[in-house]
Amino acid sequence: MTAKNAHLRKYVVFGLIVLGVWAGTTFLKGRLAAYPTGILTYFCINAVLALSWNLVSGFTGQFSLGHAGFMAVGAYTSALLMMRLKLPFLVAFLGGGLMSGLVGFLVGFPSLRLVGDYLSVVTLGFQYIITAILNNTTPLTGGGLGLAGVPYRTTLPTAAVTLTITVWVLSNLVNSKQGRCFVAVREDEVAAQSVGVDTTYYKILAFIISSFFAGLGGALTGHYTMYLHPDIFNYLKTVDSVSMVILGGLGSITGSLIGALGITLLPEIFRNAATVFASFGWMAVSGFLRRGWMVFYAVMFLMIMLTRPQGLLGRRELTWAGVKAWVQKLGRKGVRPWRSSR
Amino acid sequence: MALFEVKKLTIKFGGLTAVDNVDLKVDKGEIVGLIGPNGAGKTTVFNLVTGVYTPTAGQIFFRDRNIVGLKPNQIAKLGIVRTFQNIRLFKQLTVYENVRTAGHLRVPYGLADAFLHTARYEECEKKCHEDALDLLAMVGLLDRKDEVSSSLPYGLQRRLEIARALALRPSLLLLDEPAAGMNPQECVQLIEFIRNVRATFDTTILIIEHHMDVIMNICERMYVLNFGKLLAEGTPEEIQNDARVIEAYLGEAQADVED
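As they're listed, the protein sequences go chains Z and Y. Quick note: the first sequence uses this note's numbering, first residue 1, plus one each step. Quick note: the second sequence uses this note's numbering, first residue 1001, plus one each step.
Chain Y with its partners taken away, still in its complex shape:
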């Protein structure tokens, strides 16, 4: 059984069917890509999966449980954590605070412990603090932990957002255009980073991306969306040679040009 499976997922906004009968399947440990031209509905799929929108029809299974109708925070708690296309950090907080805030689900103490700073609080907070530092060390942000997150360079903000998601130790990580706005060198670093993340955190990754060199490089399998519909799926080689995909990206070949 797949770790994560989407069946006949559909959402309509008024007359527009943004996502139409989409099926996806992700096995544990895979890195799967989701590509498509602008407006194909990729981010909408992420919003549906993370509970921001409720689908008009279809099911989303995670560990054999239908998660349709759960709130975003409940879905995050189950282990599906996302990043955003336009980075959403806690801007005024430091790098360390961003990661530590996200670790809150892994520190099990109650409100009374928080009010009185009981022994249980001390113990959990110590662990939370160490967890946050470990995580920052792993993603290479430890030396900048006290900087305000919005003052980081763009590439590192992306990295921090992924680190913040990793603080929840997700089983499924959804990355929405992690390479957006990055130069080729940063892209190479990102590829390395994502591979490391999978190895270190034993997580499964679903990734939306426009940079073909990035996505062809790291994905084992990929899905192509166009106008909300699933156009193709397969390995990077298969997708690269798929006539329908080429057509969707480059336009139809005209047999006869009359002029």
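Bound-form chain Z, shown alone:
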């Protein structure tokens, strides 16, 4: 009985967290200017995308380079469902995710027999195919003219709640036998099979779930920018998610969040720094920051690859208990603010 109660309490707590996030972000939206609200919204969208890429590449070890393709499927599906079929947002939004998951299955089924670089190339090819299809189905998607008039639905609370649910669902999944099988596939496929892990099944499963969330992230993007164009979902869009995960740590949920925060904030920090320097009259510095900040970006990644190739958190998770222990024993050797997950 008590076990059952403890269990129900977990759901209640999660419900309260979602409500709290909703209320908190609604409050923030009312208080903050459009600019910081926009940054926060982008952080939420980026974090969903980073988490989705992390599931298939960080946890399952299948290096996908086609995530922008799944985003595009989700974004266009959700937008068109609302615009053409007049479906309510929630239905269209989930429809976008489901369609993307279905496409993930169709792509994953044949291509996940490939390993390593070959898989990356196939998924990259998939993204170009999606772009080509979107460019050439003008009556439906507007083709190269883009799809204008996508209803604005991605408010900060919507994005934040989506992120909260994504984090909850994915960390639940990762801490389950399915999650451990994903990791087993990443670690050693032959050994995984020898202990009864159906590697093909788990690879496809990871691919489907990951593309579902990539689709949700894409749909959020579309309903935020109110305009879709095939070229938005290019290779660089995938690289955005990849760099967030690499920065935060392959195979770490909290790492993805930190990575998404970092990559979302960096350009804004440089933009603001440029303005500040300009106000001092240091135009040369300002101009360099404005135009040359990508150099810092590159240097930062070089430094990370040299010093922490596993990312800031590696495959560990940041936890409250870990942070507390770290603060308490700050300075003492061997204590770190993370625990090993799984």
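A couple of the hints might just be wrong.
What the hints assert, rightly or not - Short, incomplete list of chain Y residues facing chain Z, as computed with Cβ under 8 Å: (1) LEU1003; (2) ASN1073; (3) VAL1081; (4) VAL1107; (5) ALA1114; (6) HIS1117; (7) LEU1168.
What the hints assert, rightly or not - Simulated pairs of lysine-lysine, PhoX-like, Cα-Cα distance not exceeding 25 Å: (8) Z:LYS10 <-> Y:LYS1127; (9) Z:LYS10 <-> Y:LYS1229; (10) Z:LYS324 <-> Y:LYS1145.
Bear in mind the hints are in silico, worked out from the structure with no lab data behind them. Note that beta-carbon positions come from the ideal geometry of N, C-alpha and C, so glycine has one too.
Starting from the known structure of chain Z, fit chain Y onto it as the hints suggest.
Same frame as chain Z, but now just chain Y:
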């Protein structure tokens, strides 16, 4: 009826017949050895049994069921679990995680339970956690459960790989050179360990080994392979005195040396 029986097993790689008409039979509860010079096809037999290769001809029966054509993971699920000649652990995971991952077949909950962490999930995971700790205690790795598996000393990595296989509670355990690279003292511990495993887990063991002192010590019966063919079978004493086996290992005695 034997627990496990191989009939006329043959595999050809191009022109090379790596395993040629091999018959094996293992009864429940036995420890059976499989020996032979390098390249005799011992590991290939294991790869055939566990579904890594599909035989060109022949049948493999496990509990009276022909398992030829099943995938490695299906065969593991049936209860035939192997270890590898070159240890294959989940290197970045801890000792505990290695064993717990392998326990996944014994926790029956679905994807929805995993997403939502339902009551069923909690119950199964608790059991899985306890199972893993019990197993680690039994194999003597409990005090090192949080170490990254690749940082363990060699002998313990071997032991962990066997423990990971045992997490599936196999009815037939295939050990591929468990004593490879071990010093005599570690070999003695290994012999003890394998005997304990059989007693504790009520399992049957087929073992490939080059260390003769190990294999002669623990096996009740053994098979000798040479160039893919079955050369001899029998008790350790019979094998030790078998002229063909001596010849295969030490070379032919020349009747007349001309020089």
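For this session: Compare the structure with the hints numbered earlier in the document and write down the numbers of the violated ones, lowest to highest.
Result: 1, 9
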